[in-house]
Amino acid sequence: MSILINKDTKVLVQGITGRDGSFHTGKMKDYGTNIVAGVSPGKGGQTVHDIPVFNTVEDAVKATGATVSIIFIPAPIAGDAILEAADGGIKLVICISEGVPTLDMVKATAYLKKKGVQLIGANCPGLITPGESMIGILPGNIFKKGNIGLMSRSGTLTYLMVSLLTQAGLGQSTCVGIGGDPVAGLYYEELLEMFQNDPETEAIVLIGEIGGDAEERAAQYIKNHVTKPVVAFIAGQTAPPGKRMGHAGAIISSGSGSAEEKIAAFESIGVPVARLPIDIPKLMKELLSK
Amino acid sequence: MSILINKDTKVLVQGITGRDGSFHTGKMKDYGTNIVAGVSPGKGGQTVHDIPVFNTVEDAVKATGATVSIIFIPAPIAGDAILEAADGGIKLVICISEGVPTLDMVKATAYLKKKGVQLIGANCPGLITPGESMIGILPGNIFKKGNIGLMSRSGTLTYLMVSLLTQAGLGQSTCVGIGGDPVAGLYYEELLEMFQNDPETEAIVLIGEIGGDAEERAAQYIKNHVTKPVVAFIAGQTAPPGKRMGHAGAIISSGSGSAEEKIAAFESIGVPVARLPIDIPKLMKELLSK
Amino acid sequence: MKIHEFQAKEIFSRYSIPVTKETVCYTTDEVCTASERLGYPVVVKAQVHAGGRGKAGGVKLARTLDDAKNAANQILGMDIKGYTVEKVLVAQGVKFNKEFYVGMTIDRNTKSVLFMASKEGGVEIEEVAKDNPEAILKFPIDPELGMAPFLARKIAFQLFDDFSLVKQGADLFQKLYKIFLDTDSSLVEINPLVITDDGNLLALDGKMNFDDNALFRQKEIEALNEPTEDEKKEIQAKESGLTYIRLDGNIGCMVNGAGLAMASMDVIKHFGGQPANFLDIGGSSNPQKVIDAMNLLTSDKNVKVIMINIFGGITRCDDVAKGLVTALEQLKMDIPIVIRLSGTNAEEGLRIIASQNLPVVGSLSEAAQEAIRLVNAM
Amino acid sequence: MKIHEFQAKEIFSRYSIPVTKETVCYTTDEVCTASERLGYPVVVKAQVHAGGRGKAGGVKLARTLDDAKNAANQILGMDIKGYTVEKVLVAQGVKFNKEFYVGMTIDRNTKSVLFMASKEGGVEIEEVAKDNPEAILKFPIDPELGMAPFLARKIAFQLFDDFSLVKQGADLFQKLYKIFLDTDSSLVEINPLVITDDGNLLALDGKMNFDDNALFRQKEIEALNEPTEDEKKEIQAKESGLTYIRLDGNIGCMVNGAGLAMASMDVIKHFGGQPANFLDIGGSSNPQKVIDAMNLLTSDKNVKVIMINIFGGITRCDDVAKGLVTALEQLKMDIPIVIRLSGTNAEEGLRIIASQNLPVVGSLSEAAQEAIRLVNAM
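Just so you know, the protein sequences line up as chains A, B, C and D, in that order. So in my numbering, spot 177 of the first sequence is number 177, and the numbers just go up one at a time. So in my numbering, spot 162 of the second sequence is number 162, and the numbers just go up one at a time. So in my numbering, spot 213 of the third sequence is number 213, and the numbers just go up one at a time. So in my numbering, spot 244 of the fourth sequence is number 244, and the numbers just go up one at a time.
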């Protein structure tokens, strides 16, 4: 098992004919992801990497039974693409696009909630169940099948962490990049619940960063509901207040959202927080050997 | 038992300080309805018929535990009052107001569905469980406790039918005026299901009228799901096409919605349709004696 | 409330929906001038609040000034389903390939705005609905989502093959939905929506109806209202709290409640009579309402007998009876009346009426039969 | 993106939210003229994109022309948190009874617009949030419902005792919500919202921030942007596909990915160094990006050492290494560089870099320590 996706997951690519969509479709297919369809309005009937392209999500879902969609669509219209996925019968939407207007995400998350559709992102690198399915822009080669569940607001930092884990012999059950935007889909709490319930996940790595209070809420959730070992890392200890550190959501506002607060929240409930990335596998091994 | 309401139902009156709201609150209270609160913005702290008035539905629900609200609010702002009821924790809303703009009802019904809140009306006379609770503008004295469930798009026609039933010794479990607007809350199908499941209801009277295809759909529902005896009446056999017969929803459009079609739909599935109101108790007694 | 084609298309234009070049004209001279300016061919179209004007001869193609003049002479003043044609629309003739239907209305079942589209445009959509219902695509619009771009595109893909038309169509559908919401429409139709020879979408005709309940917040729309004489009477009745619709029979009806009013007409018909109207006086015992209602009924020369059917609910029958008596005393009319009262305090009410030597009957069926007897006896 | 108080209040005004009578002035003369016209007292307020201007002496009451002149002289040209005051707002002094706070922002947890209100207005809301969080009422707005009239009224009832103020407040809150949506705001605040002596609500101050991601559809708002020199650099970097934020340290950082960039800064700090910037070059091996990034870093005179930290993901490390080599060849710079590569094809990448005699290190910790050593050795 794993969470959210496995080798049978049928995946649709929205924006498959675009530069990024086409490139990463190839990468996902190479990894073994079961890509069954693409959508690109006006390009219906074409193929990309031998994958059939449809004009609408509805057409694609009807023809292929896809249940998961990954979105490579320019940010100004990515919100509409998310709505189309949910309306078209998709059950899990992964939005890679960076720079989606916040109010579009407010509207989209409300609609998806009503429809019972899950969302990851926007502005995220996607997710992977190593050895089974990679839906995103993640470098599949650094992941290794195993029992660590990982969730992160950051992309390349995740890759660094994963490669350190893999080097240390700690494989992963599923790794989820939840994205760096202030309003996003699935977040720590939902994923913690999934990992807690996933028999294949033994321990959890949570990679946070400055901005908002999602890490504090995650700590609260862990305290009340998670019995598996958790190790955390918080990026942005040196970030100045009032500045967005790349991610739209990575900003310390009005003295809250700082790394210190987040680190304190985890440590106060006994979740060790690595000060250096290299400490993550070390801390994890310590916890697992207990 | 009964459907929707009984003697324990705690009722809130929105627009209680208005002329109609105050008058009918008195009538409902006289009938024995458990009116616990009124709402009238800016009149919080007053009382009407010894019932405490609050500024907002939320305040009233918190203070009194009301679960049902009846709305006497001018049509232009009645849609907002429905939304307030649903947002404030009410579980069943009865909107008496006539002339609510259709698009306001489209918005309200969508929101209430999301919230899991039931609506009766707008433009309806309300409902009654005889001897227990009357929430509406119905003349309580003509009703009699018994085992006939009744639903109707019309007000005074219902009163006529009920008095004929009562005179014939046929009491009622619950009578629901579903209202005469094209977009309204609970309709035949939902109520048929409730009556079918209500042990106290032995037989059902359905009073329809021209416009739309709700009666045809009800006939289909009866065919598939209702085992209790049903008798129907359709008003508007002489109505000319293209004219609204008083009720906003009572209009024969493009040759559909006519009384003939509706009568045929019921008779084709073996539901007798009374040609004259006086035939209703007669047909009902025939069915019940079988 | 209805508006004319030219008014609907003016609204479309305001939302940048492409419509034909056109002018509304009230005289033959104006039609000639407009035709010369627009260039031939032109289409001269009757502007009346009735459907089927094409079949009635209210739409004519003109290839010359003479044609235009003849068309204007024939159409202006023409009667279409009881409406006299007082103005025509002169529209530039357009070459086109295909005709589509698009429209929006309120769907009672999904409780939402229903977008409809068909490749079989240019004919009456009711006929398509009857003969080939699958040819009409239907999309209920979630009010939370509205006509989202993807949804407009999804619909457009089902109508058009060419992607440039899909994009134009999707844009047009979004605008049309916005018009529907902004104006509290109850019906918006473009039939036909055509593809012109140069590959663009164009609204050749337009139709809009509005939700009467929302006119209070649509003053600009309300100002376009052109009620007929009958409708003026209905509006006037409304202002007195009465709902009145004139019919062709001779038994005037006065009833409280719309459903009961319909049922009363049905009962008259059932026994072989002809109701002269639908009249709902609502729930009040105010004598003035009865007087207003009586004046309405007697202003219709066809009315030979008046049948009054009141069910006392919250309003008690004795109060209603008193109101009736007061009203009838003031009216001094010579049309025979049949009165039927039932419901709360009916016996007391009937006593009051009987004491005034007014004719009362026991049931709705008897009332109808008595009214018919009186008419037949004349 | 931020705008000034006077610009926010101009937007409020357009939506009929009552604001003080006021004029923006760029010189002392203009301040004097405006003060004379508005009548005393007036308030002279620095217009800068920084909070806490009151504490910094950037707001002064003037009861006479002399006062106004003095205030203008003191405030114009003043430095507030690194911003030079180039303009002031001269606003009519208003008598008022009570001060409230109302604001809207995006709530990450409910994923909606959050309306906030407090009876403790007139002070910095962050302080209220810290000292007395219950004094701030919070209402997440369901986007389907928006700021429905009942909701606006419900909020207003919790702020105001007088029903006339409740109605005014409810109206104002609905307008404020509309502004938020219409302009893609990320923050809208009125602090204080006051009750004037004649019993009306008035926005005494106004603040608006906007969602940078939505500026593409907010051209009018975007036109109000007044970036500082640092911000101009950030915008320019953005145009080259780089995310750059200048800090005060001396170790320049070039990293791919925002999270990794933050973590790299943190590691430098961890070992006692001072990062000079945040710089995310994104996911590309294009040498031009490296050249642009290097130019950015070297334009900061504080930068003594550059630490490059690349994690090869989809982009392979050997490609990145080739890009780096090409870029560094073209740049011919004399600032020492520490390069750290890891991830896909890292060994090949490191080999390419080593063959060019560029200094490489094995881990992020080593890279940071080496960079610090180089700085300390200068």
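Honestly, the hints are just simulated from the structure, not real lab data. The structure displayed is predicted, hence computed values, not measured ones. Even glycine gets a Cβ: it sits at the ideal position worked out from N, Cα and C. One should not assume that every hint holds.
Cβ pair distances, simulated, as ranges [unchecked claim]:
no., chain 1, residue 1, chain 2, residue 2, range
1, D, Gly362, A, Lys285, 42 to 50 angstroms
2, D, Ala223, C, Ser240, 43 to 51 angstroms
3, A, Leu288, C, Lys138, 56 to 64 angstroms
4, D, Gly77, A, Ala168, 55 to 63 angstroms
5, C, Glu10, B, Gly65, 48 to 56 angstroms
Tested hints:
Roughly 20 angstroms separates the CB atoms of Gly362 (chain D) and Lys285 (chain A), a value that falls outside the hinted 42 to 50 angstroms. The beta-carbon spacing between Ala223 (chain D) and Ser240 (chain C), approximately 56 angstroms, falls outside the hinted interval of 43 to 51 angstroms. Take Leu288 (chain A) and Lys138 (chain C): their Cβ atoms lie about 58 angstroms apart, and the range 56 to 64 angstroms holds. Judged by the Cβ atoms, the range 55 to 63 angstroms given for Gly77 (chain D) and Ala168 (chain A) holds: they are separated by roughly 58 angstroms.
Restraint check, Glu10 (chain C) to Gly65 (chain B): a C-beta distance of roughly 54 angstroms satisfies the suggested window 48 to 56 angstroms.
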